[in-house]
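K.L.:
So you can see what is in the structure, the chains are spelled out below.
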Amino acid sequence: MSPQAFLRRVGFVLFLAVVTAFWALPMLWLVTAPFDAHPGLTVRWPEWTLDNFRRLSESPYAFSSLRNSVLLAGGAMILVTVFGALAAYALSRVHVPGRGAILYGMLLLSSIVTGTAAMVPIFQLMFTLGLIDDRTGVILVLTGGLLPAAIFVLKDFMDATPRSYEESARVFGASPTQVLRHVVLPIARPGLATIAVWALVNAWGDFLTAYILLRDPTKTPAGVVMYTFYSEGGQANLPLISAFSVLYALPVVVLYIFVSRRYGFRFHGGIKS
Amino acid sequence: MGEIRIEGLTKVYSGNVTALDRLDLTINDGEFFALLGPSGCGKTTLLRTIAGLEVATSGRIHIGERDVTKMSPGDRDVAMVFQDYALFPHMTVSDNIAYPLRIRKVDQASRAQTAARVGAGLGLNGLLERRPGELSGGQQQRVALARAMACEPSAFLFDEPLSNLDARLRLEARTFLKGLQHQLGVTTVFVTHDQAEALAMADRIAVMEAGRLRQLGTPAEIFHRPIDTFVANFIGSAPMTMLDADLVRGRLYVAGTTIEQEVAVRWSGPDPSDGPVVLGIRPEYVRVGAFGPMTVQATIRIVENLGATVLLTAETASGDRLQALVPDGTQPAVGAQVELSPVAERVLLYDEEGHLMTPATQAAPAPA
Amino acid sequence: MSDRAADAAGLGRPRAAAFMAPALLLITAFLVVPALWTLVLGATNYRLTGLAAANPQFVGTGNITEALSDPGFGWSLWLTLLFVLGSAIFGQSLAGLSLAWSLRSAPKVVKAVVETLVLMAWILPSSVVAFLWVAYLSRHGGTLNAILQTPGTDWLIQHPMASIIVFNIWRGTAFSMLLFSAALSAVPPSQMESARLVGAGTLAQLRDVVFPHIRGHVLTNTLLISLWTFNDFTPYLLTAGGPNHATEILPVFIYNRALYGGELGYGSAISFLMLIINLVIALFYVRLLRERR
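Protein chains in written order, with the working numbering: chain A, 1 to 273; chain B, 1001 to 1368; chain C, 2001 to 2293.
Honestly, the hints are just simulated from the structure, not real lab data.
Certain hints may be false.
To be verified - Okay, the calculated bits of chain A under chain B, using three or more residues with CB under 8 Å as the criterion:
#1 84 to 91
#2 174 to 187
Claimed, not checked - Across the chosen pairs, the derived CB separations fall in these ranges:
#3 A:Phe15 <-> C:Leu2082: 36 to 44 Å
#4 C:Leu2283 <-> B:Ala1167: 28 to 36 Å
#5 C:Leu2283 <-> A:Ala21: 36 to 44 Å
#6 C:Met2192 <-> A:Ala5: 39 to 47 Å
#7 A:Arg44 <-> C:Thr2202: 38 to 46 Å
We put the beta carbon where it would ideally sit given N, CA and C, even for glycine.
So that you can see chain A by itself, here it is in the shape it has in the complex:
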């Protein structure tokens, strides 16, 4: 190996080491603190215990908030996947005048309006509709925000599926609903799974929408409850927060592993918005 190549090799290894450290270090705490009898802010080898989780179970809102998160994320996931798939299928297969413009406009709007710029009007709208402090409201807002990107990605997916499948079924006499049930849905399943997971992860991690629209602590999801844990009196309750963080993060991690095993973490356009 020439000295030049050696230096390049060293630089390469060093770069990867720095990168790994940069991304890994902040996450270490999540692995150690929850199982430490006296968790601090420092990462250290824990005095192993599950006591933190027992204490968490005594906290009034911890588990109800996780259940709320499941409700919210599950609801948004179902609505996004079902409505998104139907719309994407129709847009992909039936020539609607100006559909390119509609799609692009929707996508632009979604990356622009979701989140903060629309906080005030959305709060207002929900206030008017009487959906403040109502989990349905949060689900609807999350769904509305996620749908355009979901339709965009799903339409790409449907476009890539040959029309001859459906045409073939039609020539054999299948009705449109039969075509959908027998052919389109089974073939589109990987795409639907991707979008479902994507929607779930996004809604699961949501903080802002629920933070603005929900007041009642029995209805708030994990993301918001977690925040109240550590702003309480300025002093963070580390045993609770660490244990809760793990429980809250776990489903996402499990999903990630499942998805990357099953489908490979391929890139489908804008996977997260």
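On the provided structure of chain A, position chains B and C as indicated by the hints.
P.N.:
Positioned in the frame of chain A, the structure of chains B and C alone reads:
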């Protein structure tokens, strides 16, 4: 019962693209019929309109005694095999074959039975529980055929049935398909852009261009008497040589001064008026050496070995190119000065608009 | 032929409309209407509480002119610009590109580990990562201080903007990494090989072979991450806009003024300005994308 009658069929796509233009065509019961033409000629649109996947703008389609113009695809009693076969990837071969029966609410047991029977007929036993993705291209095609056969339709529609197979398999499948069609005796329409495929398989061929029918006839008719220069150019493995010529009082003067040879042409009708014409010569009907009334001096420029035959490309003194297909072993060397003799009975004359002038008696098929 | 098979599945227009209706309804209700409502609200002196809550007055462009002359708004806009430029356009893009580039030649295990770490940072719930970083950067016992041997440094107080910029690079690089890996895998290997054969170094390869291929991806990536970063609320979970407005980027500014401070009308006016800026960014990139094609 399986006759397909098409009357004044027109299909205009949005954006005013006319894909089919007042087409009249009757496909006889039990016939193996080819729709042949370059891409964009409307042949696939015609097939899809027969299937009901496209809605005719005007005109009528009858299958047997029934007017199917307004019927949905499933009610037309036709089966279609798609270019990519459109086998459902999530179903087994057996489920794929039996899919038409599932739509007709046939029970599971008799579906499996039919799939096994039809599949066995096409040499698919042993593959019934596999998924289409695990099959070779030729096997996939047979599954698609089996699925079409399982619904026992009054007509089959094949869209480019051989184009997804590699060259060797294509020849096999060609023979297989022709045998199968003959055995079933069901009216079959297939679309192809490959003239060799059409000539080899079809009972009759419709050559299409720009949404219209250019010529309708048996493979022999189409090959030996292409009705115009478009069809002449399209048909034949080696393209027909086209030479400008002059017709003066029933005699032909080819390529100005170079080919001074005059040809006596017998006209069945009144003599055509004098003027410029186009002379069409198939390379298959050009011999090396001086034979018959037409002989051209030329220099061999390119020699292409095609196996049993050799394609010669020669250049006349005036710069016209003339091709000849000769048996292997008889070819002259590149650069050689040779005499080339088109077979006079096989030479075709086209007028300035490109329409065939040669009367039927002139170019009737004769033993070589 | 795009024209062919305008209706492959035989759905028909009415059924297609029925399929699209629920999605379009939700999008209209929760995206289009709020966007328009921003405009209406922004023109009133609507407040959450007090007199103006019951009877909002039309103030026209008053809120917008007020915002434009408000030093708080100007400051917030400046911080947002720093945040977007530093963490998205430079940070995430460059980090994503170098990760995608170097991981191509890394051993499989290393690649899997690094990719998983980067993706984890991206998909973990924002509340969790925010707390992880609060712990990581904390003054007493924070891991970063322990590593850098800088005990007692309060990063979020002493270097607040730098902290949230680095945080956002950590959080969001995954997207650029994924997009650029996809883009790089689409560069024909033969072109890279011929560049190497004539002796091009890494930089020359990137410039002459890779960049022309991925230019479109670079623009798309920049557009999306700029927009997301511009609208990102997560820094609020780290600093709540403080200390003393030092990290009060626009989303946080709106939240503090409109929902915390109750000035809905004023908040809407700023939201409206934000929408305009968003639109300008988007149109700017779309134009660039068109020109390059």
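K.L.:
Can you tell me if the segment 174 to 187 of chain A counts as covered by chain B, using C-beta to C-beta distances under 8 Å and a minimum of three residues?
P.N.:
Three-residue rule met by the segment 174 to 187 of chain A, so holds; n is 7.
K.L.:
Does the beta carbon distance between C:Leu2283 and A:Ala21 stay inside 36 to 44 Å, or does it fall outside?
P.N.:
holds, 40 Å
K.L.:
Note whether the CB distance of C:Leu2283 and B:Ala1167 lies within 28 to 36 Å or breaks it.
P.N.:
The hint (28 to 36 Å, Cβ to Cβ) is violated, given that C:Leu2283 and B:Ala1167 are roughly 52 Å apart.
K.L.:
Test coverage of the segment 84 to 91 of chain A by chain B using CB-CB distances below 8 Å; three residues minimum.
P.N.:
With 0 residues closer than 8 Å to chain B, the segment 84 to 91 of chain A misses the three-residue bar; violated.
K.L.:
Just to be sure I understand the hint, the distance between the Cβ atoms of A:Arg44 and C:Thr2202 should be within 38 to 46 Å; is that true here?
P.N.:
About 40 Å separates the Cβ atoms of A:Arg44 and C:Thr2202, which means 38 to 46 Å holds.
K.L.:
Take the C-beta atom of C:Met2192 and the C-beta atom of A:Ala5, compute their distance, and say whether it sits inside 39 to 47 Å.
P.N.:
violated, 18 Å
K.L.:
Could one say that the CB atoms of A:Phe15 and C:Leu2082 fall in the range 36 to 44 Å?
P.N.:
violated, 26 Å
Taken one by one, the earlier hints fail for this structure at numbers 1, 3, 4, 6, listed in ascending order.
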